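K.L.:
Taking the hints into account, I'd like the entire structure generated from these sequences.
Protein chains in written order, with my numbering: chain A, 1 to 289; chain B, 1001 to 1153.
Check the hints yourself; a few may be wrong.
What the hints assert, rightly or not - Lysine-lysine pairs mimicking DSS-like chemistry, simulated, CA-CA at most 25 Å apart:
no., chain 1, residue 1, chain 2, residue 2
1, A, K281, A, K113
2, B, K1015, B, K1039
3, A, K235, B, K1015
4, B, K1063, A, K235
5, A, K252, A, K286
6, B, K1128, B, K1015
7, A, K252, A, K94
8, A, K153, B, K1039
9, A, K195, B, K1015
10, B, K1063, B, K1128
11, A, K98, A, K113
12, B, K1039, B, K1128
13, A, K252, A, K113
14, B, K1039, A, K195
15, B, K1039, A, K235
16, A, K153, A, K235
17, A, K252, A, K153
18, A, K30, A, K98
Stated by the list, open to error - Stretch-level coverage of chain B by chain A, calculated; a stretch enters the list once three of its residues show a Cβ under 8 Å from a Cβ in chain A:
no., segment
19, 1072-1079
20, 1144-1151
Unchecked claim - Cβ-to-Cβ under 10 Å is the rule here; a few derived chain A residues that face chain B:
no., residue
21, I26
22, V29
23, E32
24, D165
25, D188
26, G199
27, P206
28, A208
29, D211
30, G221
31, V234
Source of the hints: derived by calculation from the structure; they are not laboratory data.
Here the structure is a predicted model, which is why all the values come from computation and not from measurement.
Quick reminder that beta carbons are idealized off the backbone N, C-alpha and C, glycines included.
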Amino acid sequence: MATDPKLETLKVEFKRNPMMPWPFRINRVKRETEDTFTIELQPSGDLEEFQFQPGQFNMLYVYGVGEIPISISGDPLQPRVLVHTTRAVGTVTKAMAKLRRGDIIGIRGPFGKPWPIENAVGQDIVFVAGGIGLAPLRPALYEVVEQRERFGKVVLLYGTRTPADVLFRQELEHWRARFDLEVFVTVDRAMSGWKGNVGVVTTLIPRAPFDPRNTVAFVCGPEVMMRFTAIELVKRGVNPNTIYVSLERNMKCAIGLCGHCQFGSYFVCKDGPVFPYSVIKDLLVKWEL
Amino acid sequence: MEDLQRILAEHKFFKGLQQEYLDLIVGCASNVRFDAGQKIFSEGEEANQFYLIRTGKVAIELKAPGQREIILETLQEGDILGWSWLIPPYFWHYDGKALELTRMIAMDGKCLRSKCEQDHDLGYELLKRFSSIIVQRFEATRLQLLDVYGDRS
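P.N.:
Listed below in structure tokens is the structure:
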């Protein structure tokens, strides 16, 4: 089949120009909870694969509405399907939630620094997720599970608002059933009848089965939650240099030009979103930022 | 009794406590078990015990009119359950219910209170340990109140 020269030019342009969105077709929209949904996308126009690293994000453009950054929540080993999970809370995400199979979204990316999974080889890994923060951690979990023998204990601590807000329920059950993963879920509030844990996610840390002197922690969730989680991890004995957090800021260009996501001397889009806790610890308590 | 003494001595709550105090405390301790769904204590009842959870899970619940009980927190293996025995007027403020088969060591609060009155050093030691637990639960409650996963839009 003859290749369309115009398309080839566009493909080169997409790879070269990070400001140019590429059209992706929606394959599936899955409702996860009352306000959270996952969209599965496929590149249109012969772009066959979308390679990314766990922890990276894309800029998603709903045509005529606006563009927002969303972390990738899919499997990095399945690059033919691009997966994003988000909450319908703002103008763009609410419009996105109304899209259906076959609709088109513009994608720029992937951007940002990933979870440094290689730093955890031979060590225990603790994933601490809060609410929708489980979505940016899921690609890292997929990768770690795929290379399970390279790591020590692997623990997932997941906290969310109520039992109805538990994300990726089936996958959590699947991971919990494995003998080589430790999964603990807690909710902030529940009514009688819930048999699981009730309490903030930080309360899981003192009892979680990992060796703090030999642990790398990946933390993602609301900033307040990450701050207190990091404090609790340090209290348990984890080195602040081996704790990584993923920040969320108002990103626009996603390549460190516009300054919207400036955080102290860093740009979250370019220097993050994943940062070592030890690097940004002091900035996290500055409310002006 | 010897077994209880060993369990108490190894428990993080009593870690570092002088042997003479452990000997005193073990006299106030007994093994108890609760089946899943069984009430351990109810709001308004006299609080004359606290518990060291050995296995199982306990829900601290609050009754609210017109709805099911709200679970405020759950406690499990290694946790201490109850401090109302220590603070006048010694009544439970919430309900405690076993969510699964739960085995605990029950400490007789009345017995301990009288021992603490006789020996203030023991009272101070216990109060320091309970203060630390109260602070942890208080901090966790503050975080819960922040409702960090709520809609910020």
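K.L.:
Provide an ascending list of the numbers of those earlier hints which the structure does not satisfy.
P.N.:
Violated: hints 2, 4, 8, 9, 10, 11, 12, 15, 17, 21, 22, 23, 28, 29 and 31.
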